[in-house]
Amino acid sequence: MAERHVSGDRLSAFLDDELGDEDALRAARHVADCEPCLGELAALRATRDGLRALPSLQAPVLAAGVQARCRQLARVARRAKLIVAACCVPVLIGVGAYVLGGDAGEVEPTTELFLVEHLGRTGGGPVPTAVGGGER
Amino acid sequence: MSRPVRAAALLAALLAALFAGLALVAVPLTVGQVPSAVAQPLAAGEVAGEAVTDPAAVDGVLARASAAAGALPREGELVVVSFSETGPSISRMGVAFGDEGVRILREGGTEVGRVDGQGFLRSSSTLLQVGGVEQVPVSSERLHAKYDVAVGAPVPLDTGLAVAVSLSERATGTLRETLYADHVTGLIVRRETYGRDGAPVRTVAYTRLEVAERAPSMPRARGRDVQGHEVTAADPDAMRQDGFVIPTSLPRGYELTTVLEVPDAVVPTLHLIYVDGLYSLSVFQQQGRMRSTATAGASELRTATGGAVWRWPGSEPRRIVWSGDGATFTALADTPTDELLDAIAGLPTDPPPSILGRLDRGWSRVARWVSPKDRSST
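Top line first, the protein sequences correspond to chains G and A.
Residue 132, in the working numbering, is where the first sequence stops; the numbers in between run on with no holes.
Residue 383, in the working numbering, is where the second sequence stops; the numbers in between run on with no holes.
Isolated chain G (complex conformation) (with noise of 0.2 Å):
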């Protein structure tokens, strides 16, 4: 009792050489004692010969235009490029000034240091001496 058919997919597989050997095999066994396969693989590849003797047409007006277009399209996306770029090199110089501008690591007044110092060199005069408000 002869296979299954082979399904069209894998005989145009196996026209294309895309089956696996083992796949390949199977069907070569199968389309060699199947009528009805065999017929369907001539025309399948009577088809794909036909496909690959057609000329190779061409669009000249539609291509002229299209290629333009990509160029121009090209063109401009290259200038929008250089625009960010030139855009992001002062944005990216700002930030990064302004990062650099900030406070860290600078100097704390040493509040408590300094009020000792001044209380004890002008206070205790004839002067009450004031002292109040805020710790700060």
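Just so you know, not all the hints are guaranteed correct.
Stated by the list, open to error - Chain A side only, calculated, beta carbon under 7 Å to chain G, not exhaustive:
(1) Val120
(2) Ser130
(3) Gly137
(4) Ser144
(5) Ile193
(6) Arg196
(7) Ser287
(8) Phe289
(9) Met295
(10) Arg296
(11) Val326
(12) Leu337
(13) Gly367
(14) Ala372
(15) Trp374
Hints in this document: simulated from the structure, not taken from any laboratory.
Heads up, the beta-carbon is just placed ideally off N, CA and C, and yes, glycines get one too.
Since the structure of chain G is provided, determine the placement of chain A on it from the hints.
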């Protein structure tokens, strides 16, 4: 009601209420034995009457006050009422003067003072000690150079007579300070400070003051972590070569008298003291720009030159901080704020903080890093 009148009325009400409360617990005082507290606030216009403007007479009162301050052991309670844009701020503190020095115990536990040439600040967590602290001498020549001084007739205060000494700035004719010297001992028991517009900006008054053989001991605030610093005299010329700014005088007649350094400070730190005969202005200069978070809670003010400075409302002594030419400045003084702002205009001040300023600072830093010459100098 105008601002000065309203402020004077508020001051009177505050002090009257304060003294009325203290009268219930105060030890009875006797004129001739104890220089006493003051009770009723006196308007500036009431001082005069039979005013004496003879400099010798004025010097006599002030010299007697200075001698009494240095010779009489005493202990008392001081009230400081400070006016600012956020309203009056009242502080009370115990004060003791004796052989060992001066100690001021603030309500709330913080204690500051000077004992045997060593200043200290003691709080619940810290004991800060500063060595090499000696008092700056007072000069009557400077006082008379800037102020017109008048001595009024003795005025009755609640517990005794006191002589009112008014000090007006000669250049403007503005009354800046009224001192009340106890008629018996000569000690100054009250001072009133006025702003340029005539409004009172601060009153300091003893509500209790007792003279004794020895100053009674005061309860000491407890401190745990001890920090020690030593302050030494510095050569101004050498300090200038190290990048410090040291003007010999500041606007409004403040003359440089003392230059000190704190050798063990985290950053190079200088202490400059300027005096005008009445007020002492301390300017602390730290190399390096001030951290922006250091002004939290402070109000931004402007100097006459447009520089940005910050002051904590109600702080006494008045404290102003700012940055200028890559340095951080802190000014401490008991001058009115308007005069303090004029005086510090003689020091570098940066413009108010802005985005452009920050960008410029960032560029400058990059330039310093890139330039080998600048890099070697930083």
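- Hint by hint, which ones does this structure get wrong, listed from lowest number up? Of the numbered hints, 1, 2, 3, 4, 14 and 15 do not hold.
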